[in-house]
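Protein sequence lines, in the order shown, are assigned to chains A and B.
Under the numbering used here, the first residue of the first sequence is numbered 40, with each subsequent residue one higher.
Under the numbering used here, the first residue of the second sequence is numbered 197, with each subsequent residue one higher.
A hint or two may mislead.
Interface residues of chain A toward chain B, partial, derived using beta-carbon atoms under 8 Å [stated by the list, open to error]:
1. THR64
2. PHE65
3. ALA94
4. GLU103
5. MET108
6. ASN110
7. GLN115
8. PRO259
9. ARG314
The hints are simulated quantities; they were obtained by calculation from the structure and are not laboratory data.
All values reported here derive from a predicted model rather than from experimental measurement.
The C-beta atom is built at its ideal place from N, Cα and C for all residues, glycine as well.
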Amino acid sequence: MSAPALAVRLGALELPNPILTASGTFGYGLEFAHLSDLGRLGGIVTKGLSLEPLAGNPPPRVAETRGGMLNSIGLQNIGIERFLAEVLPRLERFPARVLVNLFGYEFDDYARLAERVDPYPGIAAVELNVSCPNVRKGGIEFGHDPEVLARLVASVRRATAKPIAVKLSPNSGAPVALAEAAREGGADILSAINTVLGMSIDPWTRRPRLRTNRGGLSGPAIRPIAVRIVFDVARQVGLPVIGIGGIETVDDVVEFLLAGASAVQVGTALFRDPRAAERLVDGLAARLGELGVASVGELVGAVRPWESPK
Amino acid sequence: MIVARDAVARVVEVVPHPLPYFTLVLEVPDVYAEVTAGQFVMLETTGGLEPYLRRAFSVADVSKRGDVVVIELLAKVVGRGTRAMAELGRGTRRALLGPLGRGFDLPEAGPVALVAGGVGSAPLLLASRRLAARGVRFDFFYGGRSAADLPRRDDFARAAQAAGGRLVVATEDGSEGFRGRVTEALAAELDAGRAYRATYSCGPMPMLAALARLSAERGMPGEAALETEMGCGFGACLGCAVPHVSGRFALCCQDGPVFRLDEVRW
Ligand SMILES: Cc1cc2nc3c(=O)[nH]c(=O)nc-3n(C[C@H](O)[C@H](O)[C@H](O)COP(=O)(O)OP(=O)(O)OC[C@H]3O[C@@H](n4cnc5c(N)ncnc54)[C@H](O)[C@@H]3O)c2cc1C
Ligand SMILES: Cc1cc2nc3c(=O)[nH]c(=O)nc-3n(C[C@H](O)[C@H](O)[C@H](O)COP(=O)(O)O)c2cc1C
Ligand code: FES
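Next comes chain A alone, as it looks inside the complex:
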């Protein structure tokens, strides 16, 4: 058998392999340039970018918990203009596919950001982080209201021809309804999942370990939640899915593919091992051979779910 094909296609987005890095865990990519071979990755997703630079939350911003970590970075970022002017040209020197992760606090921010990145050929796709408080709607996340989400995605659809991935939050009760709303709005891809809202308290000081009290949980602790959401969304919504949540080993990657993901993003594991994603590219090629499959596509959605008991 020839070497298994790692290349994947998610709608209009073609990737050399299905291993990407998750937003907020890979900086702007350059932070890893001396530690990992960026060109070997399926793609890199930037830190969330907003119209204006953001200072982020006061410390403490991260706290380790069993099998994962909580964060409340507060979306600190250099802003879209500095990214386009200073970072993107340096990133383009590496043969890596770049997806930009975008977020806003106002409805119109998203379309304005998409319009801004649309002319840049070095950007392969946009990923919308809709787990942000909507200032006009009393802080309710854009990603929690199907009607708002559909309109939001439609506004971005009008602003860019690039593939649009919508990143789903696990914190709403109804990921399938939201995924359907994203599809109605014109999304090409669903990314699932963002961090799970959590909290941790120091028993001695009685203080929450994060300055914002609550924060987003990531790492292996959230993996089963992510697999379940990928499974539900992939079967019911009919868009390609990028699976995210606690991915660390080749078995984890295969699990997400079986659940229905066409690609995956590696996040927190990169803090533990800066080469984690690159290693998975090698590991996956070997594993496909062991499993006797010729391509990644053969595994996508190939889970054999139990039928409901009679």
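Got chain A; can you put chain B with the ligands on it based on the hints?
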């Protein structure tokens, strides 16, 4: 400056001082010979799922044993990661990322004061070595809760003496040396007419904040190595925010861990 790399370090030995303090000696790549005092490493502590993330430690010393470069980490057992480190057996291999961050900008001329709180003395051991090698005179102010909280005090005393200075000990319970905080011991020396061109420090945040106030009052500049929670150690997670006088947040792992005392919003 050296570009950080991810390597596999081999445990040479663990030396208790006694516990909870210990020195972990690691065989490392040759580039560490050029490490700057104040730079740090991210060490895999168990290889298992807990702790999940690596842990940050200052490089406390670097030397050659035969033709291999070894570094020393001076640490205190405070939780799972440090407990696992203290139990590492000779020959164990652990992933090690470093050297990371910006170290101290050490002077060419003294006298200066090094100011340590507890295990915060770690980066100042390497600073002592570097100053001694340059022939820069320094006094070493070493503070702790009690006499038991001054790990490797004799090494610091010897290093200071070799450079023509001395060790000044301060304990909060008065079990040794000056009774009180190390910053009060430093203030007392200044009041007694001693002058230092600058201070180089590491320790708990309240101690460094007190030193920053003293430094401002006496017009004596200084640099401090800070500790924050860290997710990654190399600028990827933005978890290590340090409130900066600019109003923005600096990153402890990249902009620091060494900051000028007047740069930080204490
Ligand atoms: C740049 C940098 C350099 C450092 N250099 C050294 C060094 O040279 N020697 C050294 O001993 N430590 C050093 N530290 C601190 C060290 O990283 C922590 O002590 C370590 O991460 C604790 O890990 P743990 O798994 O044992 O504890 P955890 O299980 O993570 O925590 C256990 C308990 O200890 C508390 N804790 C966590 N960090 C600290 C801390 N810094 N001080 C006191 N209590 C803490 C936690 O809040 C918790 O209550 C440094 C930190 C940084 C950021
Ligand atoms: C420190 C940190 C920062 C993050 N920042 C962002 C962000 O800016 N935008 C975003 O969409 N997701 C962000 N995420 C979420 C990740 O992209 C990912 O969805 C989540 O961490 C789950 O994957 P993991 O378990 O592999 O880390 C962040 C996660 C972490 C840990
Ligand atoms: S520790 Fe991750 S950015 Fe500093």
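Do the hints match the structure? See the list:
1. THR64: 6 Å, holds
2. PHE65: 6 Å, holds
3. ALA94: Holds: closest Cβ of chain B sits about 5 Å from A:ALA94, inside 8 Å.
4. GLU103: 5 Å, holds
5. MET108: OK, holds: A:MET108 within 8 Å of chain B, min 6 Å.
6. ASN110: At about 6 Å, which falls below the 8 Å cut-off, the nearest Cβ of chain B leaves the hint on A:ASN110 intact, so it holds.
7. GLN115: This interface hint holds because 5 Å falls under the 8 Å limit.
8. PRO259: Check passed: Cβ of A:PRO259 comes within 7 Å of chain B, closer than 8 Å.
9. ARG314: Since the shortest Cβ distance to chain B is 7 Å, the answer is holds.
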